[in-house]
Amino acid sequence: MRCTVQKSNTRRAPAWSALQTAAILLLCRLTVFFCCPAPYTAAYAMGMLAAVLLQAALLLPLAKLRHRLQIPAPMLWIYRGFALFLAAYYAASGLRLMHMLHCPSPHLLPALFLLTLLYTVSRTQAATARTAVLLLVITAAAMLLLPVSGFRAAHAVSLYLPGNARAAFFREFRHSGELALLPVLLTHAKPQEQYAPHALTAVCIGRAAVLPLTVLLGTVQNGRLTAWEGSPFFLLLARTPLSDAVRTDGFWLLLAAGCAVLCVTFALQQAIPPRARPVRAALLAVPACAGLTLLLSRTGYDGTGLGIAALLLGAALPYACLLYNKIKGIAAMPRKEV
Amino acid sequence: MTLCGIPCALLTCEGMTAAGLLGELVFEPLNQMQGDCPDGHALLHRIYDRKLLSADSSLANDTDTLLTMLYSGFAVLLSEGAAAALCFGIQGYPARSISEPSGELNIYGARDGFSEPVRVNMSLIRRRMKSPLLTFSMISAGTVSQTDLCLCWLRDRVPEGLIGEIRQKLQTLPLETVLSSGYVRPFLEESDMQLVHSIGTTERPDILCAKLLEGRVGILIDGTPHVLVIPQLFCETFQTMDDYNYPPAYATLLRWMKYGAALLALLLPAAYLAAALWHPELLHETLLSLLTEAEQTVPFSLAAEMLGILFMFETVREAGLRLPKAVGGAVGMIGGLLIGDAAVKSGLISTPVLTVAALSVTAGFVIPEHHAALTVLRPVFILAAAAAGIPGIALAGMLLLYHICGTEVFGFPVSAPIAPLMPQRLQDILARVGFRRLSQGNFRVSEIREQSEE
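As given, the protein sequences belong to chains A and B, one line each in that order. Residue numbering for the first sequence follows this note's numbering, beginning at 1 and increasing consecutively. Residue numbering for the second sequence follows this note's numbering, beginning at 1 and increasing consecutively.
So here's chain A without its partners, still in its complex pose:
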């Protein structure tokens, strides 16, 4: 597959490394994972793994991208709309989690969330990419703590609790909307020959390893929610009686809120045209996202169809771009091949 750079959509966009791309996509999925209630069973982890493997197979053709992808302007606008919708979906999910956990100040928190977004969206995309890597490093370190913190009260028998693998399989597809943004990320990737394979490999392996493993560890850990009272010396790792999942620990709550901010920021920055002035664009995009979030919250939208459509769109986009360019007779811009 041969693609070239289109100036209009790459002028101010930063060059994302494979790791940054993988980090942001993984954190987007983890955000939805943290925010939507999920039963912690081994069967659920199995269903999740199957879905992730199928998604990897569907995305595999993108690995053939050896050059930057040229996305036609009309398609870019469709993607910007999709990114705005995705941002609202993440925001609604984050606020729903706060509501579920009976977090304080239900009216003040959304206002603070909006103010935070105004600042983060007005920063550069490079800042988002770097923050994603930093947050992924913190998440990975926290993941390492999971088995340690649950060691005393690990209940392996909970792995055999009944669960619905099929439901998990479809739920995974429903919650994978971020994959649609993968081709767009590839448009402003680093001009390295191995970028696309590296990014895709990191995304696929990361998803396959992190998600089911988190569910499994959470399942094993569930015992401590009833058996262990928590230590005051590990304040943020102690239990809360408000929910029955590991994410209700103070640290996971902290991480979930942080990831939500990052993902909404990322999606909104994708929705903003690269040439727009950052502060002005943030002042437009954030209220638009807030309105859409309010709408999604009112209707109780759970993401049905979003993920599947996004995945198909994401996998088909490069081919659609080539076809569109061929039909319209858009010549590939001359570019030094890498």
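Warning: the hint list may mix true and false statements.
Simulated restraints, written as ranges between beta carbons of each label pair [what the hints assert, rightly or not]:
no.: 1; chain 1: A; residue 1: C36; chain 2: B; residue 2: E450; range: 39 to 47 angstroms
no.: 2; chain 1: B; residue 1: D192; chain 2: A; residue 2: L283; range: 17 to 25 angstroms
no.: 3; chain 1: B; residue 1: T252; chain 2: A; residue 2: L213; range: 24 to 32 angstroms
no.: 4; chain 1: A; residue 1: A141; chain 2: B; residue 2: Q440; range: 41 to 49 angstroms
no.: 5; chain 1: B; residue 1: L263; chain 2: A; residue 2: A50; range: 38 to 46 angstroms
no.: 6; chain 1: B; residue 1: F311; chain 2: A; residue 2: M75; range: 52 to 60 angstroms
Calculated from the model, a selection of chain B residues having no Cβ within reach of chain A, i.e. all distances over 12 angstroms [claimed, not checked]:
no.: 7; residue: L30
no.: 8; residue: T65
no.: 9; residue: K169
no.: 10; residue: R255
no.: 11; residue: I393
Read the hints as simulated data drawn from the structure, not as lab findings. Each residue gets a CB set at the ideal place from its N, CA and C atoms; glycine is no exception.
Could you slot chain B onto chain A? The hints should help.
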């Protein structure tokens, strides 16, 4: 005076020249001059070309240069009929002697620190780095003060174009005077609102030499012992010279202790407030009952109590800092012990809150580089926690992360080498590996710029 039959005048600025040098290097050789000269111009050139008066001599061809030289401590020789003046470098103004820097103490490192005269500081660097690649370049800044700034770097390891970019910014400084490093730093950084500095300062020549070896650029400013270092990465603020003198295992432990102290200093009051106000289920029952009991008699809200204690602490600290040393110590004692004890006994503040605030502030002293940022951020986190509990802390934390990750200087992101991730460079961040391994792949800051520019 008359030299070779031509009337001359020797100008000096009182208190700026060394009287001994003036007699030895100027008057004596001039008095020994014999013969006639056709005019003043020939006389000056005769002295300039043939007489070794001082190592640092030059001709001033206009009044501005002449005055600058005169006010810099040069002796200026004027001769009847000459359009130029001859300047001799015999500066001898009083200066503080070289001493150990009070802000960057260490146990095993060198005891000398930078002083105020820029040329003394240049010699301190040159003494440690006898490489011909070490380059000094002087620039004047300040439209009125004409302060000497000196750029120093190692020619073979500074990214291409960086010196030009720095020099251009320094030459266009819109300042009348440059009295300290704080005057220059904001014009080199990207924003005035930076909480995390992307340009570091040091008073230690050994640290500056280590930074120069990594391809950084130093800016020495005449009149201040603080040397600017470009760029400074966020992770470096947790490193000290002593880390490289201790055994690696101990240094690694110290480093992690500093990371922990930074988190404590920033988050402990906010986490305490969030847990006590909004998430009591996070606390152990015994601790919870202790807190409840302690807070029952306090007339203020928890947030007001915490902010009040931190405000009082900063007040006492500032008072102790500005007063003479003998009195300052006493103020610290009175503020810390007497007022704190009296406030707890009278029931104005509770012991747990005082303990948390004291722990947080003490932890902050481990990383003095971030004292200003911590003082500003602590109340922000406390208010966020008081308003929205743990999610509030998360939001404030994300603001801070974005701020750090978005900060760059001359193309160097300060969050490197974690973001962008450079795994091979984490060996001096996550741990302090031994010198054998450290010396295998010498770190250059240009790698960071290259990676973020690709």
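Tested hints:
no. : hint                                : result
1   : A/C36 x B/E450: 39 to 47 angstroms  : 41 angstroms, holds
2   : B/D192 x A/L283: 17 to 25 angstroms : 22 angstroms, holds
3   : B/T252 x A/L213: 24 to 32 angstroms : 28 angstroms, holds
4   : A/A141 x B/Q440: 41 to 49 angstroms : 26 angstroms, violated
5   : B/L263 x A/A50: 38 to 46 angstroms  : 39 angstroms, holds
6   : B/F311 x A/M75: 52 to 60 angstroms  : 56 angstroms, holds
7   : L30                                 : 63 angstroms, holds
8   : T65                                 : 45 angstroms, holds
9   : K169                                : 21 angstroms, holds
10  : R255                                : 15 angstroms, holds
11  : I393                                : 6 angstroms, violated
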